[in-house]
Amino acid sequence: MAINTYAHVETLEEYAKRFAEFFTFRRENGILELKMHTNGGPVHWSYQFHHALAEVWTAIGHDKENECLIITSTNPYWIAQWDTESFKEVEDSADADQRYNVQIYDTLKVVENFLNDIEIPTIAAVNGRGTHWETAVMSDITLISPDFVLKDNHYAMANGHVPGDGMGLSLQHLLGPKRGNYVMMTGTELPAEELIKLGMANEIVEKDKLLDRAWELAHYVMSKNRSCRRLTHKLCVRPWKALVERDFRLHVMAEMYSFNLSASNHDFNAIKWKKADEG
Numbered sequence: 001m002a003i004n005t006y007a008h009v010e011t012l013e014e015y016a017k018r019f020a021e022f023f024t025f026r027r028e029n030g031i032l033e034l035k036m037h038t039n040g041g042p043v044h045w046s047y048q049f050h051h052a053l054a055e056v057w058t059a060i061g062h063d064k065e066n067e068c069l070i071i072t073s074t075n076p077y078w079i080a081q082w083d084t085e086s087f088k089e090v091e092d093s094a095d096a097d098q099r100y101n102v103q104i105y106d107t108l109k110v111v112e113n114f115l116n117d118i119e120i121p122t123i124a125a126v127n128g129r130g131t132h133w134e135t136a137v138m139s140d141i142t143l144i145s146p147d148f149v150l151k152d153n154h155y156a157m158a159n160g161h162v163p164g165d166g167m168g169l170s171l172q173h174l175l176g177p178k179r180g181n182y183v184m185m186t187g188t189e190l191p192a193e194e195l196i197k198l199g200m201a202n203e204i205v206e207k208d209k210l211l212d213r214a215w216e217l218a219h220y221v222m223s224k225n226r227s228c229r230r231l232t233h234k235l236c237v238r239p240w241k242a243l244v245e246r247d248f249r250l251h252v253m254a255e256m257y258s259f260n261l262s263a264s265n266h267d268f269n270a271i272k273w274k275k276a277d278e279g
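For the sequence shown, full-length UniProt numbering assigns the number 1 to the initial residue and increments by one for each residue that follows.
Do not rely on the hints blindly, as some may be mistaken.
As the list claims (entries may be wrong) - Derived DSSO-like pairs (lysine-lysine); straight-line CA-CA distance at most 27 Å:
1. K241 with K35
2. K197 with K234
3. K109 with K241
Derived from the structure by calculation, the hints contain no laboratory data.
Please build the complete structure, drawing on both the sequences and the hints.
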């Protein structure tokens with residue numbers, strides 16, 4: 001008999017309770033659905049939500065009861081509203097350590113933990129317009145609703161804000177540098193139909209059928225054996241891992257160095273979508 005027992009790994013019930021402010025979970029036969037929310041309604045993006053997203057990928061990835069992941073958000077948006085007080089509290093503070101933790105460490109880990117800790121097939125069901133879609137397009141399969149509009153708003157902010165958190169990197173990777181750089185610097189909006197043509201998403205699905213389609217695909221993924229689906233995911237995610245290992249930290253450091261050098265604050269008035277209802 002072995003000397004030691006296996007170390008405890010957090011169960012779904014445990015991390016569902018820990019992240020209850022930010023996510024709801026549903027698991028059936030190894031398929032885990034994560035739905036983002038704020039107080040049961042559409043997501044209000046904040047430094048706290050940002051931190052939770054970085055941490056939840058590790059909890060999900062360590063739970064070996066999870067075999068396929070569906071990521072979605074609360075209607076009618078993906079992430080399109082803001083907790084402005086959260087950003088003011090950090091950005092008006094003289095606490096440099098806190099700024100490092102939320103602006104650099106968490107920004108890195110939202111993407112790095114998603115790619116490195118999640119070792120199961122991933123399906124994103126993007127249910128409406130919004131920002132911070134980087135993990136959605138990095139998922140193995142990406143479904144979008146007809147009203148989704150992809151845009152990187154960073155450069156449009158009042159003092160300029162380097163697009164370094166993963167969206168710009170994704171644009172360069174999927175569209176090529178020339179088109180990606182143009183979208184990144186001009187704030188060009190890409191509607192759902194164009195995203196399919198450009199290879200940034202796989203299917204457009206009506207909002208009321210979006211999750212059903214995600215679950216249909218998840219059941220198909222689960223019809224293959226465990227080693228097949230997990231090792232196929234490793235091939236799917238490999239180009240993203242290589243890209244992030246090579247370039248992502250430079251992107252994040254450029255964003256945050258510029259942000260702090262110019263004593264910037266998030267300018268949420270600049271984050272608008274012309275091709276969608278402002279809500």
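Now the hints, each set against the structure:
1. K241 with K35: Holds, because 24 Å separates the two Cα atoms, which is no more than 27 Å.
2. K197 with K234: Given that 27 Å is the threshold and the Cα spacing comes to 25 Å, the pair holds.
3. K109 with K241: Since the Cα atoms of K109 and K241 sit roughly 13 Å apart, the hinted pair holds (cutoff 27 Å).
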